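> Since the structure of chain S is provided, determine the placement of chain F on it from the hints.
Protein chains in written order, with this note's numbering: chain S, 1 to 644; chain F, 1 to 157.
Note that these hints are calculated values from the structure, not bench results.
This structure is a prediction, so every number in the text was calculated from the model and none was measured.
Heads up, a few of these hints could be off.
Stated by the list, open to error - Straight line, CA to CA, 25 Å or less: simulated SDA-like cross-link-like pairs of lysine to any residue: (1) F/Lys73 with S/Thr427; (2) S/Lys617 with S/Val466; (3) F/Lys123 with S/Leu57; (4) S/Lys392 with S/Asn632; (5) S/Lys256 with S/Tyr101; (6) F/Lys123 with S/Tyr277; (7) F/Lys26 with F/Leu39; (8) S/Lys448 with F/Phe68; (9) S/Lys617 with S/Asp484; (10) F/Lys45 with S/Arg60.
Stated by the list, open to error - Computed spacing ranges between beta-carbons, pair by pair: (11) S/Phe496 with F/Glu41: 47 to 57 Å; (12) S/Ala538 with F/Leu81: 55 to 65 Å; (13) F/Pro125 with S/Gly480: 44 to 54 Å; (14) S/Asp142 with F/Glu41: 40 to 50 Å.
To be verified - Output of the computed footprint for chain S on chain F, the stretches with three or more beta carbons under 8 Å from beta carbons of chain S: (15) 62 to 74; (16) 135 to 143; (17) 147 to 154.
Yeah, the Cβ is synthetic: ideal placement off N, Cα and C, and Gly gets one too.
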Amino acid sequence: MSIAKMKRLRLIALNDQKEDLLAGLLHVGCVEVSEAEDKLTDPEWAALVKKDEASVLDVRARINALGSAMEALKKYGGVKSALFEIRSEISEEALFDEALYQKEMESADKINDLVREIAQNYSKENRLSGIRAGLVPWKAADWPMDQESTAATDITFGTCPVKNLMEDLTAAVEAAAPEAAIARIHEDRELKYLMIITHKSVTEAVLEALRPFAFSHAHFKDMPGTAAEEIQKLDISLAALKEERAKLEQEIASYKDEYGVMKICMDRLTADVDKEYTHEKFLKGDSVFYAEGWFPENRMEKLTKELEKFTCAYEYADPQEGDTVPVLCENSKLVTPMHMVTEMYSLPAYDGVDPNPLIFPFFVFYFGFMFADMGYGLIILLVSLFITKKFKPKGTMGYMFNLGILLGISTTICGFFIGSFFGDAVTVISETFMGQTRELWALINPLKDPMTVLYFGIILGIIQMVFGQCIKIWMGFRDGNGLDAVLDVVPWWILFIGIGLTVAFGSPIPVIIGALALICTQGRHNPTIPGKIFGGVASLYDITSWLGDVLSYARLMALMLATTVIANVVNILATLPGSIIAFIVIFVVGHIFNLGINLIGTYVHAARLQYLEFFGKFYKDGGVPFKPLAYNTKYVDVVEDENA
Amino acid sequence: MMTLGTAIAFIGASLAVGLACSGSAKGVGCVGEAGAGVLSEDPGKFAQVLILQIIPGTQGLYGLVAWFFTCMKMGFFAGNLMELTTPQGLSLFAACLPIGIGGYLSAIAQGRCAAAAVSLIVKRPEEMSKGIIMAIMVEFYAILCLLATFLMVNSLI
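For reference, chain F alone in the conformation it holds in the complex:
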């Protein structure tokens, strides 16, 4: 018999991975669109465009990490699902929110930044490292979100 708390915790874990992956998909897609335009002019820039394109993909992975970690803590993989009380479930739900919301929004912001870096490498390919650095600045906030989620889930159960 599954408790309400466990169910709520599952919603949280699902939102963590679902939102973060949606954001990453949007971000990666946005860079891909800009990149395809560049490639039509200069197919030789494929490697550079690809590097920029994967940058906003990390949030999705962080979301997956958070989902995985939460499910593992709840005993989902080991087969002995914990029976969480409702307050416990709600707090796990809350703990999952940072990477869900932060991952979703930061991936989109990072995607736009990386897409701008794609147009940078059209004009000045030698300045690519600066474009990457600017996109990576956004990454920091996704890492903070993952950290917050991780520390909370880690100490809650």
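With the rest of the complex left out, here is chain S:
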């Protein structure tokens, strides 16, 4: 229920056992090895040890290879990746099955070779298609394309812009030399495709005469046939390429049954790379290596049991002043989903307080209060229940849907009290289709009586903020400066009570007493007497920030109304066309929209009230997350084999 107490581990073990020890650490899954680089700046240490070389890059390369092979199987083998992976359970031994792993890596290499061949095939196809496109306009020329001369004549292929008239071209050629002929092979929107036959003696003169028409000479190499023949040849090659590609794709697809095993190997490689990242942090001597790190105190026994299997020296120590201790929040199953909310803000500092159980009731209730609809609540609840039961998602996804169950329940309950089921769907449906008016029971109708909802929200906010200040006092006493915390907080309470009394009885004296309490206490850290007084007076200005914080809770009312109003409008829209089918369509689409937009909005605002208004009163953030060497698998769950 709190931030886990950490212990420091120092370890010296034999180089020979390094691999096994890494596997052991992975097995216990509770040690984060930290960088020991400060040791290397110490000359005595530096003489004995150096940074260990790990093969991170090597393993990463294998992950990439396997990853691209799996992508190829998805593309060509029709393997679908599910939104939620249904994880199978697997033992450590099976995960690190060497034979299977080697086989899959070979398959992956083969698949990647095939993918490369397909890529080459495509580039060849592109090249041939390009050549073919260049030949198409010349289809009508019945002369071998690469034969540019006969015994006495030159044959020139070339193009010029289409705007030149054929008569002008012919006239120009004839004027230059009578022993020449020009013919139009083809014409498209931009170019005229020309073939010119000239006696060898006049070729240059003719080409010179055509220069003003922007004539450009086209050369064709290695084409012994006419354009039509060459096109036919290319078509055959292109078809062959296509066939070859289909074969290659089929060959890749034939590996698709191995996809499942590849997933296991992928998880194994992830574990391998994590081990290598830890390995990187070791300091290596001639025959032994040194490592240091952190582990939660409550895992000490398990860790000791594991380390005893090796020839190694180890010691445990408490964290010292100035250490950056990683933070791990441990909470009951009910509260754990709340980690999603705090992690998005920042983890608590190691000497702070775990906020998860503290924000839990507020967050869940605020969400329900702002959403407040039985219909939407039930949808959230049922979807979350279905997904957690069916797919058992882990990590953030798991948090999300576990939280969804709680939020769904809270939304449904709040919706019950304001009598909202998809807004006023019950009333609208009964009026439109049954001709009678039915209304749900409601403790309070937020549309008719928004002010009550507003007051309720603001009182709730004040309670939460005062609660936050109580935590601050508690933290003060825990850390030995309780008096300071009390003096920071209590004068404010005197002022608030004073404001209350003044409003109730009309006498200004209680407010003045409260203000004086603030002036006397809030500047106490300043060294001089005028400084103390000035600091105290300046603190009165903080009233505005309190006012802002309190009014911020008005969003509880605003968002509750927003959900209801949009839901009601959807209901009215749905009844307009007057047919049942149109009603159902508009009803479903409209409410899905409202659910979607309000789900994100409500979540964000419920979280924001914790981050700004609540955390501002006590929270000490900036913790570094605890990241132990542990199984971080995507596709399978590694089950512990206690005998191992």
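Same frame as chain S, now just chain F:
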């Protein structure tokens, strides 16, 4: 015979939907431009870009809701248009302003925010949820505007 008040109220309703939709169009367009650039590099991000693109689209819908609600209150759909006095018409006009102005400006602001989130998902696709949250923070003010309009129109006639 339509009264001046009714006509003024219609101007208000039209501004509510017109301004809010213009804002949404600008916002959605802005995200679309940024998104198209991303898709040219990585077409696989289409779904993520699309989610970000629709975020500034809600203001237009709110505007439509306000327009619809106002017209309904005036009896436009039922066929028996109310004859509003000029002060009544002016107050309905005023009631329509929050979602018109707030919807227009907030949709543009939200569009720019979502466009920035598009460039966020290029570099760190896993941080998309934070980009969405930042864009949704703007949404709150559009919701407040809709609420203000709704509550006023609801109690005015």
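> Mind taking a look at whether chain S covers the region 62 to 74 of chain F? Criterion is 3 or more residues with CB to CB distance under 8 Å.
holds (count 4)
> Between the alpha carbons of F/Lys123 and S/Leu57, is the straight-line distance 25 Å or under?
Measuring from Cα to Cα gives roughly 22 Å; hence the hint holds.
> Regarding the pair F/Lys123 and S/Tyr277, is the alpha-carbon distance no greater than 25 Å?
Holds: F/Lys123 and S/Tyr277 sit about 23 Å apart, inside 25 Å.
> Kindly confirm whether 47 to 57 Å is satisfied by the beta carbon distance between S/Phe496 and F/Glu41.
56 Å, holds
> For the pair supplied as a hint, S/Lys448 and F/Phe68, is the alpha-carbon distance within the 25 Å limit?
With Cα atoms ~20 Å apart, S/Lys448 and F/Phe68 stay inside 25 Å; holds.
> Is 55 to 65 Å right for how far apart the beta carbons of S/Ala538 and F/Leu81 are?
60 Å, holds
> How does the region 135 to 143 of chain F fare against chain S when you require at least three residues with a CB closer than 8 Å, holds or violated?
Satisfied; 5 residues make the cut.
> Would you say the C-beta atoms of F/Pro125 and S/Gly480 sit inside 44 to 54 Å of each other?
Given a distance of about 46 Å, which is inside 44 to 54 Å, the answer is holds.
> Would you mind confirming whether the straight-line C-alpha gap from S/Lys256 to S/Tyr101 stays at or under 25 Å?
16 Å, holds
> Does S/Asp484 lie within 25 Å of S/Lys617 when you go C-alpha to C-alpha?
Roughly 14 Å between the alpha carbons, so the hint for S/Lys617 and S/Asp484 holds.
> Taking the Cβ atom of S/Asp142 and the Cβ atom of F/Glu41, is their distance within the range 40 to 50 Å?
48 Å, holds
> Is S/Lys392 close enough to S/Asn632, meaning Cα to Cα at most 25 Å?
15 Å, holds
The structure shown violates none of the earlier numbered hints.
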